[in-house]
Amino acid sequence: MHTRQLGNNGPHVSAIGLGCMGMTDFYTTGSDTREAVATLHRALELGINLLDTADMYGPHTNEELIGQAIRGKRDQVFLATKFGIVRDPANPSARGISGHPDYIKASVEGSLKRLGVDTLDLYYQHRMDPNVPIEETVGAMADLVKAGKVRYLGLSEASAATLERAHKVHPISALQSEYSLWSRDQEENGCLATCERLG
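Numbering of the sequence shown is given in this note's numbering, commencing with residue 9 and proceeding in unit increments.
Honestly, the hints are just simulated from the structure, not real lab data.
By construction, the Cβ of each residue, glycine as well, lies at the ideal position given by its N, Cα and C atoms.
One or more of the hints may lead you astray.
[Stated by the list, open to error] In silico DSS-like cross-links for lysine-lysine, where the CA-CA straight-line distance does not exceed 27 angstroms:
1) K113 - K176
2) K176 - K157
3) K176 - K154
4) K81 - K157
5) K81 - K113
6) K154 - K121
7) K81 - K121
8) K157 - K113
9) K157 - K121
10) K154 - K81
11) K154 - K113
[To be verified] Using C-beta positions, here's what the derived DEER-type ranges look like:
12) P109 - A46: 37 to 43 angstroms
13) P97 - E204: 36 to 42 angstroms
14) G118 - E144: 17 to 23 angstroms
15) D83 - T41: 19 to 25 angstroms
16) D96 - P138: 18 to 24 angstroms
17) D96 - H10: 39 to 45 angstroms
18) G104 - G124: 25 to 31 angstroms
19) M9 - A46: 17 to 23 angstroms
20) W190 - R12: 20 to 26 angstroms
21) G147 - G15: 18 to 24 angstroms
When you get a sec, could you build the whole thing from the sequences and use the hints?
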């Protein structure tokens, strides 16, 4: 498996990552836990070490599944998860967004527990909170790095301008946005160029 460096100073991770959302939510009508765990183990055998999840998938059940699958294999995994989209288990279609520092602190503790790990390799803000300045959100995320709970920070679906502002508070190692044969927006909206410049 080819690898790529995460940012200018990060670790090398598999060029292909495994997005785990569909194993418990959205693109599925149900979950076969044994098949999902077998898929995750096979990915690791093939050298895919980047596993991507989020606390809102399920909600929470996706992280629990990943935690089960990586038990005893933590050293083989580069683990990425996300916070910021708030779901109500009683009403799964309801969505909110939060980038408040108190919410972030509670979210990371929940993710660590569900995943069964002491540290997250990459922690993304899933969606930008229009009511909380990005500097405040990333400041709280940076505190998690200082506390040893998170190694690297990322943003998901952020603009180039937001990425610039966030990076001034703490290095942003990853930006997760669609970039494919069908969607080339990142070439035109400045995000790709900003990522290349900031490293």
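Hint check:
1. K113 - K176: Holds. K113 to K176 sits at ~21 angstroms (cutoff 27 angstroms).
2. K176 - K157: 21 angstroms, holds
3. K176 - K154: 16 angstroms, holds
4. K81 - K157: 19 angstroms, holds
5. K81 - K113: 26 angstroms, holds
6. K154 - K121: Judged against 27 angstroms, a Cα distance of about 19 angstroms means the pair holds.
7. K81 - K121: Distance of about 16 angstroms is within 27 angstroms: holds.
8. K157 - K113: Holds, at roughly 10 angstroms.
9. K157 - K121: It holds: about 11 angstroms lies between the C-alpha atoms, which stays within 27 angstroms.
10. K154 - K81: 25 angstroms, holds
11. K154 - K113: 13 angstroms, holds
12. P109 - A46: 37 to 43 angstroms: Given about 39 angstroms between the Cβ atoms, the range holds.
13. P97 - E204: 36 to 42 angstroms: Since P97 and E204 have Cβ atoms about 40 angstroms apart, the given range 36 to 42 angstroms holds.
14. G118 - E144: 17 to 23 angstroms: 20 angstroms, holds
15. D83 - T41: 19 to 25 angstroms: Distance hint for D83, T41 holds at roughly 23 angstroms.
16. D96 - P138: 18 to 24 angstroms: 20 angstroms, holds
17. D96 - H10: 39 to 45 angstroms: The hint (39 to 45 angstroms, Cβ to Cβ) holds, given that D96 and H10 are roughly 41 angstroms apart.
18. G104 - G124: 25 to 31 angstroms: 27 angstroms, holds
19. M9 - A46: 17 to 23 angstroms: 18 angstroms, holds
20. W190 - R12: 20 to 26 angstroms: 22 angstroms, holds
21. G147 - G15: 18 to 24 angstroms: 19 angstroms, holds
Checked against the numbered hints listed earlier, the structure breaks none of them; every hint is satisfied.
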